[in-house]
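Number of protein chains: 2
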Amino acid sequence: MKIGIIGLGLIGGSFALAARKHVAGCELFGEDQNRDHQKEALALGLIDMTLGASTYAAMDVIILAIPVDAALELALPILDQMNDNALLLDIGSTKFLICSTLEQHPKRNQFLATHPIAGTEFSGPSAAFATLYKGKAQILCEAHKTRPDLLEWAVQWFKNMEMEIKEMDPKEHDQHIAYVSHLSHISSFMLGKTVMEKEKDEQAIFDMAGSGFASTVRLAKSSPAMWAPIFKQNQENILEVLGEYIANLEEFKSLMEQQNFEAISQKMQQTNAIKTILAGIN
Amino acid sequence: MKIGIIGLGLIGGSFALAARKHVAGCELFGEDQNRDHQKEALALGLIDMTLGASTYAAMDVIILAIPVDAALELALPILDQMNDNALLLDIGSTKFLICSTLEQHPKRNQFLATHPIAGTEFSGPSAAFATLYKGKAQILCEAHKTRPDLLEWAVQWFKNMEMEIKEMDPKEHDQHIAYVSHLSHISSFMLGKTVMEKEKDEQAIFDMAGSGFASTVRLAKSSPAMWAPIFKQNQENILEVLGEYIANLEEFKSLMEQQNFEAISQKMQQTNAIKTILAGIN
Numbered sequence: 001m002k003i004g005i006i007g008l009g010l011i012g013g014s015f016a017l018a019a020r021k022h023v024a025g026c027e028l029f030g031e032d033q034n035r036d037h038q039k040e041a042l043a044l045g046l047i048d049m050t051l052g053a054s055t056y057a058a059m060d061v062i063i064l065a066i067p068v069d070a071a072l073e074l075a076l077p078i079l080d081q082m083n084d085n086a087l088l089l090d091i092g093s094t095k096f097l098i099c100s101t102l103e104q105h106p107k108r109n110q111f112l113a114t115h116p117i118a119g120t121e122f123s124g125p126s127a128a129f130a131t132l133y134k135g136k137a138q139i140l141c142e143a144h145k146t147r148p149d150l151l152e153w154a155v156q157w158f159k160n161m162e163m164e165i166k167e168m169d170p171k172e173h174d175q176h177i178a179y180v181s182h183l184s185h186i187s188s189f190m191l192g193k194t195v196m197e198k199e200k201d202e203q204a205i206f207d208m209a210g211s212g213f214a215s216t217v218r219l220a221k222s223s224p225a226m227w228a229p230i231f232k233q234n235q236e237n238i239l240e241v242l243g244e245y246i247a248n249l250e251e252f253k254s255l256m257e258q259q260n261f262e263a264i265s266q267k268m269q270q271t272n273a274i275k276t277i278l279a280g281i282n
Numbered sequence: 001m002k003i004g005i006i007g008l009g010l011i012g013g014s015f016a017l018a019a020r021k022h023v024a025g026c027e028l029f030g031e032d033q034n035r036d037h038q039k040e041a042l043a044l045g046l047i048d049m050t051l052g053a054s055t056y057a058a059m060d061v062i063i064l065a066i067p068v069d070a071a072l073e074l075a076l077p078i079l080d081q082m083n084d085n086a087l088l089l090d091i092g093s094t095k096f097l098i099c100s101t102l103e104q105h106p107k108r109n110q111f112l113a114t115h116p117i118a119g120t121e122f123s124g125p126s127a128a129f130a131t132l133y134k135g136k137a138q139i140l141c142e143a144h145k146t147r148p149d150l151l152e153w154a155v156q157w158f159k160n161m162e163m164e165i166k167e168m169d170p171k172e173h174d175q176h177i178a179y180v181s182h183l184s185h186i187s188s189f190m191l192g193k194t195v196m197e198k199e200k201d202e203q204a205i206f207d208m209a210g211s212g213f214a215s216t217v218r219l220a221k222s223s224p225a226m227w228a229p230i231f232k233q234n235q236e237n238i239l240e241v242l243g244e245y246i247a248n249l250e251e252f253k254s255l256m257e258q259q260n261f262e263a264i265s266q267k268m269q270q271t272n273a274i275k276t277i278l279a280g281i282n
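These protein sequence lines map, in sequence, to chains A and B. Each residue of the first sequence is one higher than the one before, starting from 1 at the first, in our numbering. Each residue of the second sequence is one higher than the one before, starting from 1 at the first, in our numbering.
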């Protein structure tokens with residue numbers, strides 16, 4: 001079984017390590033536009049050999065682990081070149097656009113759209129680790145459009161990785177994920193920006209910032225190359241969600257201006273219920 | 001040495017445990033408005049005996065570990081009752097108002113205003129642990145106004161707790177802390193609120209929310225009883241900071257509407273520099 005991985009950062013590299021662990025006798029091929037990352041992935045043993053346009057047809061599985069704009073661009077030409085029994089796997093953070101782009105492709109049933117809900121704020125091959133996906137949700141979109149034998153193979157692999165398989169409509173996926181992932185990233189980036197603009201004296205930040213601050217701005221370390229294309233592809237949903245977030249902050253601000261701390265307290269109390277939701281996340 | 005602690009939650013309870021560990025032969029007295037918490041603190045061994053108005057004069061040290069509005073109210077009458085060699089320690093998250101309130105008190109030199117930069121999103125006596133403050137910053141305000149012998153005793157205790165002592169003007173403290181702590185809490189609370197309002201289907205949140213979401217909304221679990229008074233006392237600084245945060249979010253939204261993902265990318269890139277700041281926080 002030959003597995004090709006395009007994009008050898010945290011996400012692709014961790015899939016490589018998970019394949020090494022759970023797919024018996026697999027050979028791992030990989031490529032990365034960043035040649036230093038490609039060399040590093042070889043040196044770290046994430047992959048055995050480099051992948052290239054001339055070897056796509058020899059692969060049994062190809063995983064697109066690159067920013068969502070690049071994945072959208074490459075998916076069609078790669079699917080064209082793949083052999084008739086191979087599977088193309090996409091693992092990006094937006095699902096509607098790639099599903100609709102491949103909708104009419106003659107090899108549509110060799111494609112599986114997924115979104116593993118896993119990641120860290122680090123990037124590059126050295127950030128990859130074999131258990132990144134263990135215990136995490138793996139969302140499949142339009143799984144019924146994938147050839148049963150190919151789907152079964154993929155699902156079995158994800159189960160061996162101890163992922164929790166969920167199915168979701170691509171449009172719904174993009175709406176929900178705007179709330180529970182994309183908005184968090186924007187909130188975190190802008191929080192980091194606000195503090196850095198004002199707090200020119202970095203030492204004061206060092207001295208006074210605690211674990212709460214670290215927690216809320218952790219995502220501001222994320223890679224812009226990965227996130228700008230996600231924001232672009234999920235623009236409509238994100239704009240709606242971001243508008244609601246700003247409206248809530250404006251309301252909080254106006255309650256503070258009115259000195260209505262009773263109402264503020266009440267809103268915080270209601271939001272405390274998030275405890276039960278967070279208890280379900282690992 | 002008799003140490004009295006008013007407020008036996010996470011913050012006060014952890015000071016009790018740290019006293020037990022680092023102040024040889026101390027006797028620990030404590031009280032909490034919440035009688036269940038007071039009983040729990042006794043049962044957990046955080047304190048040895050209950051504290052009350054009739055015993056304030058017998059204490060060598062009294063620590064105010066209650067919400068900042070209650071601390072402000074109690075500080076004056078308690079200081080009135082304390083004996084002439086005792087130390088009153090305040091550990092709240094706002095410093096300007098309490099320092100100016102006690103400014104003219106005849107026993108001002110028996111008061112020390114501090115802010116230990118430590119906490120978790122949990123509350124109550126059971127959340128307390130002896131090493132909460134280990135390695136964390138302890139900010140002293142107007143330390144020169146505290147009697148040298150009392151100051152020396154307190155600083156030695158904080159050093160034994162392995163805290164890092166910093167000094168800061170109370171006004172400056174409140175300005176900085178609005179950026180690196182108070183804003184994070186508001187951002188987190190409103191993020192949680194936005195998601196909970198929209199995502200009525202909790203199961204979808206469970207399925208799709210990952211560690212990034214958990215990290216950004218962690219502080220939304222914080223206690224409103226503690227935080228509403230902080231927002232009130234630091235209103236002016238917080239309103240300024242919150243206004244800047246909203247303006248940054250508005251700018252991000254407007255760049256998205258203009259499809260200017262180049263500019264968005266650039267802003268994220270600049271904010272990535274927060275890595276170096278976060279590296280200094282434990």
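No lab work stands behind these hints, which were simulated from the structure alone. It is possible that some hints are incorrect.
What the hints assert, rightly or not - Here are the simulated lysine to any residue pairs, SDA-like style, with alpha carbons at most 25 Å apart:
#, chain 1, residue 1, chain 2, residue 2
1, B, K171, A, D201
2, A, K107, A, L79
3, B, K232, A, K171
4, A, K267, B, Q235
5, A, K253, B, L97
6, A, K198, B, K200
7, A, K166, B, E202
8, A, K200, B, A279
9, B, K275, A, A127
10, A, K198, B, M196
11, A, K166, A, F206
12, B, K253, A, K275
13, B, K200, A, A263
14, B, K198, A, S254
15, A, K253, B, E236
16, B, K159, A, Q203
17, B, K200, A, Q266
18, A, K275, B, E167
19, A, K171, B, L97
20, B, K275, B, S211
Note that the structure is a prediction, hence the values are computed from the model and not measured.
**Violated hints, by number in ascending order, as checked against the structure** = 3, 6, 10, 11, 12, 18, 19
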